[in-house]
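Here the protein sequences come in this chain order: W and U. At position 108 of the first sequence the residue is numbered 108 (our numbering), and the sequence of numbers has no breaks. At position 90 of the second sequence the residue is numbered 90 (our numbering), and the sequence of numbers has no breaks.
For the record, the hints were derived by calculation from the structure and aren't laboratory data. The beta carbon of each residue, even a glycine, is placed where N, CA and C say it ideally should be. Some hints could be false.
[To be verified] Restricting the straight-line Cα-Cα distance to at most 27 angstroms, the calculated cross-link-like pairs of lysine-lysine (DSS-like) are: (1) W:Lys57 - U:Lys3; (2) W:Lys57 - W:Lys15; (3) U:Lys99 - U:Lys70; (4) U:Lys3 - U:Lys73; (5) U:Lys107 - U:Lys3; (6) W:Lys57 - U:Lys99.
[Claimed, not checked] Covered stretches of chain U (chain W as the covering partner; in silico rule of three or more C-beta atoms under 8 angstroms from a C-beta of chain W): (7) 41–52; (8) 88–100; (9) 103–112.
Next come the chains, spelled out residue by residue.
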Amino acid sequence: GAGVSQSPSNKVTEKGKDVELRCDPISGHTALYWYRQSLGQGLEFLIYFQGNSAPDKSGLPSDRFSAERTGGSVSTLTIQRTQQEDSAVYLCASSLGLAGPTDTQYFGPGTRLTVL
Amino acid sequence: AQKITQTQPGMFVQEKEAVTLDCTYDTSDPSYGLFWYKQPSSGEMIFLIYQGSYDQQNATEGRYSLNFQKARKSANLVISASQLGDSAMYFCAMRGFNKFYFGSGTKLNVKP
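Chain W with its partners taken away, still in its complex shape:
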């Protein structure tokens, strides 16, 4: 398909385990974003990649969270030593990466993470 894809759609893990969440952006989109959404809440910004620039990691809640983007395309969000408070839906979005106001984000379906 032509949209943003994320995998897995659901992930259940035990406290203390590491998890990896994957995002495949729309082809040609140079900007990629990760957000976290707890049940019934708004979006919490995590990290932003733009082309080859250093990522904006200002939203990562702790050093247990990290993300990388290989080849300017697919991104992986890694959560180490998961805690129950990490349970949420993790949303990925991509955009063309235009400078200025017109850059529209398109979202993937999300990964629902449950930490037992």
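Add chain U to chain W, keeping to what the hints say.
Frame of chain W; chain U shown alone:
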């Protein structure tokens, strides 16, 4: 500081009626963009409509229109002829200084 505010946690509207969802913003970027997204219970965020800060006309996309009042820093979403499928969370977002900011959302319930 860049900020987006949605003051209506929940709204009800009768099917076939129009509804306005409020959004106010604050930014020092003279060139900014305003966006509305819909999030149904399935969880996916769906882009609805965009308004640029220099656009003279209010944006429209089908039954969606954005009531942009620049001096008041408001960007309200108007949904005409509400349908049951419009029941969802709606998020207002702003792009300023090349960053995105999201509001806390409004949950819209359309009653038959």
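Hints, verified against the model:
Proximity of lysine 57 (chain W) to lysine 3 (chain U) is assessed by CA-CA distance (about 19 angstroms); at most 27 angstroms being required, the pair is judged to hold. Between lysine 57 (chain W) and lysine 15 (chain W), the direct Cα distance comes to roughly 24 angstroms. Compliance with the 27 angstroms bound is thereby established for this hinted pair. Using a Cα cut-off of 27 angstroms, the hinted pair lysine 99 (chain U) and lysine 70 (chain U) holds, with the two alpha carbons roughly 19 angstroms apart. A threshold of 27 angstroms between alpha carbons decides the hint, and for lysine 3 (chain U) with lysine 73 (chain U) the separation of about 11 angstroms falls inside it, so the pair holds.
As the CA atoms of lysine 107 (chain U) and lysine 3 (chain U) are separated by approximately 20 angstroms, the hinted pair is consistent with the 27 angstroms bound. At roughly 13 angstroms between alpha-carbon atoms, lysine 57 (chain W) and lysine 99 (chain U) fall within 27 angstroms of each other, so this suggested pair holds. Against chain W, the segment 41–52 of chain U contributes 8 residues with a C-beta closer than 8 angstroms to a partner C-beta. That satisfies the three-residue criterion, and the hint holds. Check result for the segment 88–100 of chain U against chain W: holds, 7 residues qualifying (beta carbon to beta carbon below 8 angstroms, three or more required).
Given as covered by chain W, the segment 103–112 of chain U passes the check, having 3 residues with a CB less than 8 angstroms from a CB of that chain where 3 are the minimum.
Checked against the numbered hints given earlier, the structure satisfies every one of them.
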